[in-house]
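Colleague: Sequence:
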Amino acid sequence: MPELVGLLAPAQREEIDWPEEIKDFGYIPDSWYGTNYETWGPRFSTSVLSWLLKQQSLYSAAETAEHLALYLFADSKHEIEVRATSLVEATPSINEFLTKIQEFMDLKSKTDTLFND
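Residue numbering for the sequence shown follows the numbering used here, beginning at 1056 and increasing consecutively.
Derived by calculation from the structure, the hints in this document are not laboratory data. Treat the hints with caution; some may be incorrect.
Ranges of calculated distance between the beta carbons of each label pair, as one might list FRET restraints [to be verified]:
| no. | residue 1 | residue 2 | range |
| --- | --- | --- | --- |
| 1 | Arg1138 | Ile1071 | 19 to 27 Å |
| 2 | Arg1098 | Leu1062 | 28 to 36 Å |
| 3 | Ser1105 | Glu1158 | 31 to 39 Å |
| 4 | Glu1121 | Gly1061 | 15 to 23 Å |
| 5 | Leu1169 | Ser1112 | 33 to 41 Å |
| 6 | Thr1140 | Asn1091 | 14 to 22 Å |
Simulated crosslink set (DMTMM-like; lysine to aspartate or glutamate; CA at most 20 Å straight-line) [unchecked claim]:
| no. | residue 1 | residue 2 |
| --- | --- | --- |
| 7 | Lys1165 | Glu1134 |
| 8 | Lys1163 | Glu1118 |
| 9 | Lys1155 | Asp1130 |
Ideal Cβ placement from N, Cα and C applies to all residues, glycine included.
Hey, can you work out the whole structure from these sequences and the hints?
Modeller: Okay, structure coming up:
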């Protein structure tokens, strides 16, 4: 099922009721990102962040954060900040991911502001 999500528009992904056995996979398939940089909805963004933060470690945390920051719902930044403060004993790769995704989301926000003004 995760492989088929890439075929859905971001608005359609908000309606997915994930089966229990799929909620804990540890990677984001490339097909989910797409090529049009369309922002994901809040529910889907929260689900993806939750899955990633349940992992003991993330392979290529900085690269995942950079890629993911382009797609996450903008208000997800607040949830990331909350989780970063609550995960005191997170692994180094999770800490790196949380730090980097905040940096990349800030950069995306500034870039969007520059181009939209």
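Colleague: So if I understand the rule, the pair passes when the alpha-carbon distance is 20 Å or less; does Lys1165 with Glu1134 pass?
Modeller: Answer holds: Lys1165 to Glu1134 is near 19 Å, not above 20 Å.
Colleague: Quick check: does the Cβ-Cβ distance between Thr1140 and Asn1091 fall within 14 to 22 Å?
Modeller: Taking Cβ atoms as reference, Thr1140 and Asn1091 lie about 33 Å apart, which means the hint is violated.
Colleague: Mind checking the hinted window 28 to 36 Å against the Cβ distance between Arg1098 and Leu1062?
Modeller: violated, 18 Å
Colleague: Next pair to validate is Lys1163 with Glu1118; report whether the Cα-Cα distance is within 20 Å.
Modeller: Roughly 15 Å separates the two Cα atoms, so the pair holds.
Colleague: Range hint 31 to 39 Å: satisfied by the CB atoms of Ser1105 and Glu1158?
Modeller: violated, 21 Å
Colleague: Kindly confirm whether 19 to 27 Å is satisfied by the beta carbon distance between Arg1138 and Ile1071.
Modeller: For Arg1138 and Ile1071 the Cβ distance comes to about 21 Å; the hint holds.
Colleague: Between Glu1121 and Gly1061, does the beta-carbon spacing fit 15 to 23 Å?
Modeller: With a Cβ separation near 19 Å, Glu1121 and Gly1061 satisfy 15 to 23 Å, so the hint holds.
Colleague: Are the Cα atoms of Lys1155 and Asp1130 separated by 20 Å or less?
Modeller: Given that 20 Å is the threshold and the Cα spacing comes to 16 Å, the pair holds.
Colleague: CB of Leu1169 to CB of Ser1112, is that within 33 to 41 Å?
Modeller: Hint holds: Cβ distance 35 Å, inside 33 to 41 Å.
The structure is inconsistent with the numbered hints 2, 3, 6, although it conforms to all the rest.
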